[in-house]
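Engineer: Here are the chains, one letter per residue:
2 protein chains.
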Amino acid sequence: MRICVIGCGAVGSLFAAHLAKAGEAEVWVYDVWKEHVVAIQKNGLRISGAADLTARFNATSDPTQLPHCEYGIVATKAIHTKTAIAQAAHAFDETSAVCSVQNGVGNEELIAERVKYVIRGTTFPAGHSIAPGHIGYDIQGDTWIGPFEPTGTPMARVEVLAGLLTRGGMNTIPLKDARGAQWTKLIFNASTNPVGALTLLHHGAATRFPPTGQLFNDLIAEGEAVARKLGIELHGDPRQLVQKGANAPGKHHASMLQDVLAKRQTEVDFMNGAISHWGDKIGVPTPLNKTLWALIKGLEHSWPDPD
Amino acid sequence: MRICVIGCGAVGSLFAAHLAKAGEAEVWVYDVWKEHVVAIQKNGLRISGAADLTARFNATSDPTQLPHCEYGIVATKAIHTKTAIAQAAHAFDETSAVCSVQNGVGNEELIAERVKYVIRGTTFPAGHSIAPGHIGYDIQGDTWIGPFEPTGTPMARVEVLAGLLTRGGMNTIPLKDARGAQWTKLIFNASTNPVGALTLLHHGAATRFPPTGQLFNDLIAEGEAVARKLGIELHGDPRQLVQKGANAPGKHHASMLQDVLAKRQTEVDFMNGAISHWGDKIGVPTPLNKTLWALIKGLEHSWPDPD
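Those protein sequence lines, which keep their order, are chains A and B. For the first sequence, my numbering gives the first residue as 36, with consecutive numbering after it. For the second sequence, my numbering gives the first residue as 36, with consecutive numbering after it.
Errors might be hidden in some of the hints.
Note that the list lumps identical chains together, so a pair holds whenever it fits in one copy or between two copies.
When the alpha-carbon atoms are kept at most 20 Å apart in a straight line, the in silico SDA-like pairs for lysine to any residue are as follows [claimed, not checked]:
#1 LYS286 with TRP338
#2 LYS298 with SER337
#3 LYS286 with PRO339
#4 LYS264 with LYS298
#5 LYS151 with GLN278
#6 LYS316 with PRO102
#7 LYS69 with LEU269
#8 LYS117 with ILE317
The set of hints was computed from the structure by calculation and includes no laboratory data. Quick caveat: nothing in here was measured; it's all calculated off a predicted structure.
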């Protein structure tokens, strides 16, 4: 069996390394970060932190080199989904299933424009790049996957992928309806990410500081109201995810804070933007999500020094 | 007649220099910024930008040197009002009147703890420090002053001060009720300052970029609702102040953005914090002002690298 990981940043690297280490499937990764790809080709990929391992697998920054794959895992930033799946789509046919493990909502819709069977996914492990070929593993966690409803992906395909990932060390729960897990993480991300990015506070400090801790809760309440009206049953309480992250050792920077520090476009359109979009559609007010969205868009707009 | 300017940053310097140039009063300034005081003592104070002048007057960083003054103008950051007026109060007696020209609301209450007659004031000129002894004059504008209601300051004292300032080149309008002017500027500041500070956008760019321009309007609407319920009639439309500032030449950084770039504590408690405080008191919801307040407090909290 062949599996291709599209996007080999921190999260994609964790998946690829664990899958390769388990040895059940031939692993390919595709990423535009050439130094990282070259380092992996030369020395394999090193993971350190919450787990320590080095894994060897096929890596390329030329998507035309990808062979046919039974499974795909898309782990790019949400802002790159559309381009990345267009470049890699030839590796998949009508028997393949491609799973998003990305942040936010809206990625599966973009993948389904190019691929027959799509799997909705949400993952909690987090990390950061240390150097080309070397990824820091900050936070361990589970992954939830289920059929993307419009593509009618057979549940058996979901279960095979979940088994493969779990045996590789990335514990994955197959669900008939993965929307609850996805929205739980979306609501968690849409509170912690922009607040971290705007205040420069690491996750634990932002949780413990009363003004920003309260803001987390107020943003979560807005997101929950939208999910409730959409008929999505959340998979636990996003506040518990906030607490769990705050209790983890170290000073974890939310991925959006990492983006902002590197002046990279953020995923806010797929987080607070998506919650506001759905809120507007079904008549649930989301003033705080709109505010955080506007502030992050403003911060991105400042980087080219506008007139 | 003797007049003392307490706080000789950009705004205090503009007032002191114009008053001294006019020559009607003996001008003293008190500031803890020693390099600035020494430069003024040596070479006078230079203003450049919207007006160009150099003025000589008495400057000290030792408040015990201040002589008795008939008038005082407090121009410190709002976060320093309490300390500064405690240090300088001996210069004033029961015949003196002390006017705030500071940002936000809540300063007059602090001055009135130490001084018999207090004058409520709001000023629009803006500038920035170029070097010790040299202030850039970015934006010209009017000043509105009126009795601080609880101290029953006679209107005649307000009118004398207004005349002095106007003849000195700082056009000042005496009003029986200066709350409307003060809240108009408060609402303007509480929208433009934290958004600029969080996005790093200069005022014109933040006004013209649709997401932040909309956020300005939403914050203004919240502040207007609080003022309306308090029975305060605004002195014009804060949106026009936003537009006027956006049309000014140059890339003006809101004072809170200047504070954030220098990692100085901001005035957000006297701006968004004050609007939320009044909103809570009279039952007007202020979710956006609370959000901006929490984000700025969080950003300040990040500077000492908290656990």
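Engineer: Hint by hint, say whether it matches the structure.
Structural biologist: Right, here's what the structure says about each hint:
1. LYS286 with TRP338: For LYS286 and TRP338, the Cα distance is within 20 Å only across copies (14 Å; inside one copy 26 Å).
2. LYS298 with SER337: Both, since 10 Å and 19 Å are each at most 20 Å.
3. LYS286 with PRO339: For LYS286 and PRO339, the Cα distance is within 20 Å only across copies (14 Å; inside one copy 29 Å).
4. LYS264 with LYS298: neither (35 Å within a copy, 42 Å between copies)
5. LYS151 with GLN278: Neither: 38 Å inside a copy, 51 Å across copies.
6. LYS316 with PRO102: neither (41 Å within a copy, 66 Å between copies)
7. LYS69 with LEU269: neither (39 Å within a copy, 59 Å between copies)
8. LYS117 with ILE317: Close neither inside one copy (26 Å) nor across copies (49 Å); limit 20 Å.
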